[in-house]
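J.: From first to last, the protein sequence lines stand for chains A and B.
The numbering of the first sequence is the numbering used here, which starts it at 1 and goes up by one.
The numbering of the second sequence is the numbering used here, which starts it at 115 and goes up by one.
Be careful, since some hints might not be right.
[Claimed, not checked] Selected chain A positions facing chain B (Cβ under 10 Å, derived; list incomplete): (1) C12; (2) G43; (3) H49; (4) Y87; (5) T103.
[As the list claims (entries may be wrong)] The calculated EDC-like cross-link candidates involving lysine to aspartate or glutamate, where the alpha carbons are at most 20 Å apart (straight line), are: (6) B/K215 - A/E58; (7) B/K215 - A/E31; (8) A/K3 - B/D187.
In case anyone wonders, no lab produced these hints; they're calculated from the structure.
Every residue gets a Cβ at the ideal spot worked out from N, C-alpha and C, and that includes glycine.
Residues per chain, in single letters:
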Amino acid sequence: DAKTTQPTSMDCAEGRAANLPCNHSTISGNEYVYWYRQIHSQGPQYIIHGLKNNETNEMASLIITEDRKSSTLILPHATLRDTAVYYCIVRVAVLSGSARQLTFGSGTQLTVLP
Amino acid sequence: NAGVTQTPKFQVLKTGQSMTLQCAQDMNHEYMSWYRQDPGMGLRLIHYSVGAGITDQGEVPNGYNVSRSTTEDFPLRLLSAAPSQTSVYFCASSTDRGNEKLFFGSGTQLSVL
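Here chain A stands alone, though its shape is the one from the complex:
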C-alpha cells in the first residue's frame, strides 16, 4: 500500500472548517484513500473513503486532487468533540484476507479550540 504523509498536529477554532491534508504521491490507480479518526481512549472510527471523485457524507468531505497524489479531509464546522488523531490511509481494494489490514501511520492530532 502507498505511504502517506500528514502533518503531526493542527489546531482549529470551534465552528470553523478543519482542513486536514494528506500526501500520497505514490498512490496506485486501484488504491482508495480512507480516513479514520481516533478520539482519546477509543477505537478508531471510520470517516470517509474515496477513489478519485470527491466524496461527502454526514461527517466530512473528502477532496482528492486530479492526479490523486494528495487529498484533504474537511470537517465543515469543527466542534470540541472532533478533537482526535486523524489517520489518512491508502489501501488497495481487496475481497478478503489479511490484505484488509489497515496500516495506520502516526496521523494528525487535531485540536479544536474553544
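Position chain B relative to chain A; hints supplied.
T.: Relative to the frame of chain A, chain B by itself:
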C-alpha cells in the same frame, strides 16, 4: 445495534497467566479481526477471520490464539502472558465485500506485570 463490544475494558495480568479477551458484534459481519496498538507503532493485525470456522494469522500472531465458532464472537486468547503483550487491543469487524469500512470496538487495555 450495539456494534462491536469488547470486554473487559481493563485487565492486569501477571507473567505466565492466561486470559481471554472477548469480542462480539451484532451486525452480522463476516470479517472480524484483532489489532494491538502500541505507542509509535500504529495498529498491528494479530489474527483475523473471514467467517465462522475460518481464522488466519496477521502480522503479529505469536502468543495469541483465536477461534470463530459463531459469526458474532471472536475471542482472543493469551496463552501465557508476557510483559511484551502489554498493549491496547482492538477488535474490528466489517462485511466481506472488499473496500468497506471497519467498525472498531472501544478497546481493552492490558498490562502484564
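J.: Mind listing which of the numbered hints don't hold for this structure, in increasing order?
T.: Those not satisfied are hints 1, 8.
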